[in-house]
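**Student:** So the sequence lines, in the order shown, correspond to chains V and P.
Basically my numbering = 1-based index in the first sequence + 151.
Basically my numbering = 1-based index in the second sequence + 1255.
The set of hints was computed from the structure by calculation and includes no laboratory data.
Note that beta-carbon positions come from the ideal geometry of N, C-alpha and C, so glycine has one too.
There's no promise every hint is true.
[Said to hold, decoys possible] Here are the simulated distance ranges between beta carbons:
(1) V276/V with D1572/P: 24 to 30 Å
(2) L1587/P with L275/V: 36 to 42 Å
(3) V1301/P with N269/V: 34 to 40 Å
(4) A254/V with E1469/P: 39 to 45 Å
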Amino acid sequence: MKDKNKCGKKIIVGLLSVIAISAVGCAGKTKEITVTELGESLLSNITYEDELAAIDLETAGMIYYLENAEITNACIYESSGATAEEIAVFECAASTDVNETEAAVRTRIEEQKESFENYVPEELVKLNNAVVIKNGNYVILSVSSDPDAARKIIEEAFK
Amino acid sequence: MEENYDSRQDEKKVHDIDFDREKEIRKHKQIRMIMIIMTFICTVLVAAFAGVFLALLERGKSFGDLAESIGYLYQAEVARQDVGETEMPMDSEQSPEQGNAISEDKAAVSSDSVSAVSSNADGEVSENTAEKEESDITSDNSAESDYPKEFQLVDESYFDDALFIGDSRLEGFGLHSGLHATFYTATGFQLHMIDTYKVVKTEDGKKPIFDVLEPEAFKKVYIKVGLNEMGWGTDAMFLQKYTELITKIRALEPDAIIYVHGLIHVTAAKSETDPIHSNEVIDARNEMLKNFAQVEQAYYIDINEVVSDENGALYSDMTADGIHLKAEYMELWKNYLMAHAIVQ
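For reference, chain V alone in the conformation it holds in the complex (with noise of 0.2 Å):
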């Protein structure tokens, strides 16, 4: 009898434990987007006052120093130059990638900062508002005008 009760248990201990890691896991993973569709919604919901273009993740490197980081996709609009406008989606191959993805984002934001300061200082406000979000192995900066657009846009992206 007691040897069936210890039984009991440790299936119930192992029940839970499968439990216990499978809900971790899930909780853990985040959900697959695709970097185009959140480019093109952040392109398409926002309105910018220069015209933004597509550049490809090789191109991005004038702007951007990922040499470090293992890139897998990205969907990245720039300004002609008028404007500190700017979007970029990253999806990395890693979460050591997405670390240095995030701060090749924020170095970008700093040096824009720097250059428009004595060219366009109205620039700075959307600067300092810059949306830099990190979800998974995605990481996502929107530069406008309505930072609390591109914050909602981004968050139903992962929903």
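Put chain P on the given structure of chain V with help from the hints.
**Tutor:** For chain P alone, kept in the frame of chain V given last:
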């Protein structure tokens, strides 16, 4: 007899008095004349001073800038005397077209500034052995040996070993043209900050161009600066900095063809509301750059031919802010560069 004597004495007295009066009148006349001349000179000086002051005010410059500019020109003149005019490239290379251009008022002023600055650079060379060696490299440069060459049509691969140096407009071109060239560009970039302005992305953050530029890495160098500098210094100071830039580039990239990119016009609306960056000022600076390029044995290119309307203003539908070309028009710019290339 005595009466006659008295009468003569009286006549003499009257004559003396008349003479003194005449002398006094003449003296008064002279004083009046001197005062008129002095007043005239003072008026001319005050008018000239006011004219210079208003001209400086209009250009957003100060008397300090003017003094500095005169200083540059004085140095250039001293250098010209040291080196001797026969060594100046402009004398031997000047084309008839350039001669005609120089006969125009603005161009004449520009050309004077250009040749003065060029000789200034030569003068510095004569004082500094290291810099003289750099100059020797320049004069032996194969890219210049048969200057000027005719422009040719090339394909995009021409730009694979090209370096572009410049401001935010050129950065926009780098981002949206699709060319596989190297772009050392930055928003707000100005020529006089070239030694300190952080432009090139590296692992350790952005760095100034000459901290990073490697020897013999490029065969073509396109330079597009001048719009952001319009509120800074004088034309002579700007050209002095430009000469320094080209000298440094040629020391590192002796085989590179140097292109001096003219300034792109702004829209008519922008031109009317921004006197510092008006199209009139841009045209004057472009004329200066055109002459400067010839002196430096570089190639002047001006895309205004394809992006400006009949009034010499940037087409308003090509830009969002009146200055920067939209991405979709970078193709025009790229095609222009491809049609205006020098092949060694």
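**Student:** The structure should be examined with respect to each hint, and the outcome stated for every one.
**Tutor:** Consistency of the hints with the structure:
| no. | hint | in the structure |
| --- | --- | --- |
| 1 | V276/V with D1572/P: 24 to 30 Å | holds, 27 Å |
| 2 | L1587/P with L275/V: 36 to 42 Å | violated, 32 Å |
| 3 | V1301/P with N269/V: 34 to 40 Å | holds, 37 Å |
| 4 | A254/V with E1469/P: 39 to 45 Å | violated, 26 Å |
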